[in-house]
Amino acid sequence: MSEPLVQDDQPLLVADHLGKNYGRLTACRDVSFALYPGEVLAIVGESGSGKSTLLQLLSAQLAPTGGCVSYRMRDGVLRDLASLGEAERRFLFRTDWGYVHQDPAQGLRMAVSAGANVGERLMAVGWNHYGRIRDTASSWLERVEIDTARIDDAPRAYSGGMRQRLQIARNLVTEPRLAFMDEPTGGLDVSVQARLLDLMRNLVSELGLAAIVVTHDLAVARLLSHRVMVMKGGRVIETGLTDQVLDDPREPYTQLLVSSILPA
Amino acid sequence: MTAMIDITNAEKTFTMHLQGGVELPVVRGVSFQVEPGECVVLSGPSGAGKSSILKMIFGNYRCDGGRIGIRHRGAVIDLATAEPRQVLSVRRSTIGYVSQFLRAVPRVATIDVVAEPLIANGSARAEAREQAGALLRRLNIPERLWALPPSTFSGGEQQRVNIARGFISDLPILLLDEPTASLDAANRAVVVELIGQKKREGVAMVAIVHDDEIRHLIADRIVDVTSFAAAA
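Residue numbers (this note's numbering), protein chains in the order written: chain Z, 1 to 264; chain A, 1001 to 1232.
Now the in silico label distances, taken between C-beta atoms and shown as ranges:
1. Z:Ser-139 / A:Ile-1222: 50 to 58 Å
2. Z:Phe-93 / A:Gly-1065: 45 to 53 Å
3. Z:Ala-194 / A:Ala-1124: 25 to 33 Å
4. Z:Leu-256 / A:Pro-1106: 23 to 31 Å
5. A:Ser-1046 / Z:Ala-157: 53 to 61 Å
6. Z:Phe-93 / A:Asp-1224: 57 to 65 Å
7. A:Ala-1120 / Z:Ser-191: 25 to 33 Å
8. Z:Asp-247 / A:Gly-1156: 20 to 28 Å
9. A:Gly-1065 / Z:Ser-83: 39 to 47 Å
Just some of the chain Z residues that point at chain A, by a computed CB distance under 8 Å:
10. Tyr-36
11. Ala-194
12. Asp-198
13. Arg-227
14. Gly-240
15. Leu-241
16. Asp-243
17. Asp-247
18. Asp-248
19. Pro-252
20. Gln-255
21. Leu-256
22. Ser-259
Hints in this document: simulated from the structure, not taken from any laboratory. Predicted, not measured: the structure shown is a model, and the values here were computed from it. All residues carry an ideal CB built from backbone N, CA and C; glycine is no exception.
One chain only, chain Z, in its complex shape:
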């Protein structure tokens, strides 16, 4: 995608020789990269390539067995995630980060209203005026193209595409600086996918959001990301500008991935 990149020479997140072993099994090894503000990075690869493990390591949900992840906090200081206390980490999750799950049921509270799902994140950062919370929630529903007449319905009553859009609204309402997305268009129909991608593309560029998107779908990577990392067997085998890697793939495995796309 050719969206502008926010020019900022300080990286937001730095992975340094990151690795994870489960006993003798290596899920992910020696991953190093820097993500800059406003930059969208796609991690592509087949299932079992280690991309979801990597996303969990990057978002501090899993402790690495080697290397470290550092994040630039709002005060401008780059800190090792492993050195943060539980309260600080929770604060990051509530405010500065978003995490969009493939299955919206994991990222939403299915039994409470859509408005409450969005408003909850605001209350967690100290908002307490009911009217303002409701107004903000309703304007976010509009932004993700959900009819505000449905604000009091629980996501249980929503379609798959609506649930995913609601999950995105819930994550972005606190204006995080970084969003992690795990196969965000995974379980959706193709027509619903296109709409969601278009919406995410616009939101990411409007908010200047940095994002790390795990996907096995190269079309998603092309539409959303500035840069891709191709993973295989727990390693990053190729990395570069998205259109460069997809139009001029260098590694055998990347060539195979690219040539396996069925023409529409």
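Please arrange chain A on chain Z, whose structure you already have, making use of the hints.
Here is chain A on its own, set in the frame of chain Z:
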């Protein structure tokens, strides 16, 4: 150096791993310069590597050797070795690419597709749309179509939308990949005019055109790509 583009000994080889690692040399020893206000046309038969060279200058194809110097924000940057972030920055404020085919963005109105590069560089939406409208009118896209996404348009109309999107910017370098293919005579003349206007504004251009007549009208210099043939 005053040149906007300064290419020295650039080369490109494709290695086809799925075909048993066949090496496909495309070009070697590519060297030429483009000054501000100059339009260089790449010539040579189909398959000689013209589009590959254009894609290398845009950073879309990787360069296996040599140097692609681009004057970007007052300094020279070598695109052959630049970081992805630098390439994106060059594309945002220095190099534009007008391809033959529009990569349609679903759901976005034609007028906004055309105005987007200006808005991305900080212009006000209303002003950008006004300029977009003027260009679309000049390229004979009727106003009743402006609110529709271009994916529903005919091939020639899509190409004109693409040209409008490419020419609306005030980028100092433009790469043109067959900008007049599949256009009728009237619209070809408009494109020739637009290129002339860009030259007067000091824009450096590299173009691929198959039509001899158009080539004579726009080329300040012709670079024969067959001399860069990388015979295996």
